[in-house]
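Chemist: Line by line, the protein sequences are chains A and B. Residues 1 to 273 in the numbering used here are what the first sequence spells out, letter by letter. Residues 1 to 273 in the numbering used here are what the second sequence spells out, letter by letter.
Among the clues, some could well be false.
Any copy will do: because identical chains look the same in the list, a pair fits if it lies in one copy or spans two.
Mimicking EDC-like on lysine to aspartate or glutamate, the simulated pairs with C-alpha atoms at most 16 Å apart in a straight line are [said to hold, decoys possible]: (1) Lys26 <-> Glu153; (2) Lys36 <-> Asp99; (3) Lys253 <-> Glu234; (4) Lys261 <-> Asp245; (5) Lys36 <-> Asp245; (6) Lys152 <-> Glu234; (7) Lys18 <-> Glu76; (8) Lys6 <-> Glu147; (9) Lys26 <-> Glu76; (10) Lys247 <-> Glu76; (11) Lys253 <-> Glu21; (12) Lys26 <-> Asp146; (13) Lys18 <-> Glu147; (14) Lys247 <-> Asp258; (15) Lys152 <-> Glu89; (16) Lys26 <-> Asp38; (17) Lys36 <-> Glu50; (18) Lys247 <-> Asp17.
Please keep in mind that the hints were generated in silico from the structure rather than gathered at the bench.
2 protein chains.
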Amino acid sequence: MSRNEKSHLVIIGGAEDKSGECEILKRFFSLAGGRKADICVISTASTNPETGAQYRDIFTDFGAANVSLLAIQSREEANQPHYRSSFAEKTGIFLTGGDQLRITGILGGSVLGQAMQESYRQGAVVAGTSAGASAMSTTMLVGGVDEATPSKEIIRMAPGLGLLSDVVVDQHFAQRGRIGRLLAAIAHNPYIQGVGIDEDTAIVISGGSVCEVIGTGTVAILDGRQSRHSNVSESSPRQPLALTDVKLHILCKGYRYDLQKRLVSIPQVKEDI
Amino acid sequence: MSRNEKSHLVIIGGAEDKSGECEILKRFFSLAGGRKADICVISTASTNPETGAQYRDIFTDFGAANVSLLAIQSREEANQPHYRSSFAEKTGIFLTGGDQLRITGILGGSVLGQAMQESYRQGAVVAGTSAGASAMSTTMLVGGVDEATPSKEIIRMAPGLGLLSDVVVDQHFAQRGRIGRLLAAIAHNPYIQGVGIDEDTAIVISGGSVCEVIGTGTVAILDGRQSRHSNVSESSPRQPLALTDVKLHILCKGYRYDLQKRLVSIPQVKEDI
């Protein structure tokens, strides 16, 4: 999708700090305009009413000018015509965790879903944590087996919200041993970059391309473009995967990665004099 | 160490099949000479007497000419002078799972430890599973945190048995989410290759260099030699790791990897005519 160069995505690996420094949530709040922010929390991923209320209260406590909560549970609700206009003023949209298939199944192509995309195009920051992170990309991981030998069988993919192209995101990455499923995803099309985000860690994407790592963990980037060989087309679903020459970067806070140029930027260190 | 070109190592990721096809254990048995094999099972890694007895019974059932079991639990036992000569006829040595620090702490530099290395130099096949796999290399992973954001703090390393150079082995690799600890290991010296072996999977190394993958899972090869940057020297122990441009291969049965040339060999597929 075309996008405003000022647009930002904040893609969070789940379990972000909500009671201490709140580095990640405060970055979202700040990008949304800080005290002038008009934030909408969308908790469609979850059936637990507490999930969205928690974020509403956090952003209200931060001092946002306006915070609304949409706990939409059906396509009927998501298709109410008033969403076409009511989203125009939003400066920040926050997608909670839960099940990414609820996000796309309920919001995908709906009036609300389209309004959300239009807000992003107009410069609103869109954040998602856990399931909300996975749902951001054009193709998303719906689910998969943790701590598994990589094979085609261990993952399922589906069309996502389409806010981010050429990327498949996985979350709770180190904590749930998910490199196997992310490798299986990129084996299907090594042009796609795999982005595995640890808990309490996020990437802030500016202009759809440059990712800055924030938070306390690491982000794994898997770039299969130079892969010389895989057995994905001829292997049976349960057969273990073979995939060679994948480039892997592990990045922590302060590092940047350009998804278009596929290049890491290293933070500048102040030299001791 | 110098080695016989005919020498073989069988490095097993743990939990290998012991009741079905027994592909991995049968490969070891075959390399040790099959029905002519004179095998010694060393269960020093484990304090459970069942551990070694199980392998002794398996190799006996396979039909080996001679199978002995050494459940050595102290350096005093390992230093008995008769081991100097009694190992000369062995064609296969099998190191069980347990704790790799028991293997090196009890056998390292002992009469038995030296006899074992001499047997390998003379052409005996040495196999190790789980802890026995980790102990093979010059520097080994003693332990580490599974499913963790990679940092210096999550691993401990120590000198291993030295049968394999320039490699750090990790086992139960996909099943315990261990990519973080293997990445942390190679960040310490990216010249080292990280080899992560899944359960019921093994590499058979011929002449100290060419690894063939066998079994039902995958082997991950992490080659950090072309890494352009890491923060390992300046980061604090708990700080997350950054490490860029690591080459990653995921290989399954039939694939080969040359540790010296750092090259993958792809199995030849029979074309349909």
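Chemist: So, for every hint listed, does it hold in this structure?
Modeler: Okay, the hints, checked on the actual structure:
no. : hint              : result
1   : Lys26 <-> Glu153  : neither (38 Å within a copy, 28 Å between copies)
2   : Lys36 <-> Asp99   : neither (30 Å within a copy, 58 Å between copies)
3   : Lys253 <-> Glu234 : between (39 Å within a copy, 14 Å between copies)
4   : Lys261 <-> Asp245 : between (18 Å within a copy, 14 Å between copies)
5   : Lys36 <-> Asp245  : neither (47 Å within a copy, 41 Å between copies)
6   : Lys152 <-> Glu234 : within (11 Å within a copy, 39 Å between copies)
7   : Lys18 <-> Glu76   : neither (32 Å within a copy, 56 Å between copies)
8   : Lys6 <-> Glu147   : neither (38 Å within a copy, 36 Å between copies)
9   : Lys26 <-> Glu76   : neither (33 Å within a copy, 61 Å between copies)
10  : Lys247 <-> Glu76  : neither (44 Å within a copy, 48 Å between copies)
11  : Lys253 <-> Glu21  : within (15 Å within a copy, 48 Å between copies)
12  : Lys26 <-> Asp146  : neither (30 Å within a copy, 30 Å between copies)
13  : Lys18 <-> Glu147  : neither (27 Å within a copy, 22 Å between copies)
14  : Lys247 <-> Asp258 : within (14 Å within a copy, 19 Å between copies)
15  : Lys152 <-> Glu89  : neither (43 Å within a copy, 46 Å between copies)
16  : Lys26 <-> Asp38   : within (14 Å within a copy, 66 Å between copies)
17  : Lys36 <-> Glu50   : neither (25 Å within a copy, 68 Å between copies)
18  : Lys247 <-> Asp17  : neither (30 Å within a copy, 32 Å between copies)
Comparing the model with each earlier hint shows violations of hints 1, 2, 5, 7, 8, 9, 10, 12, 13, 15, 17, 18; every other hint is respected.
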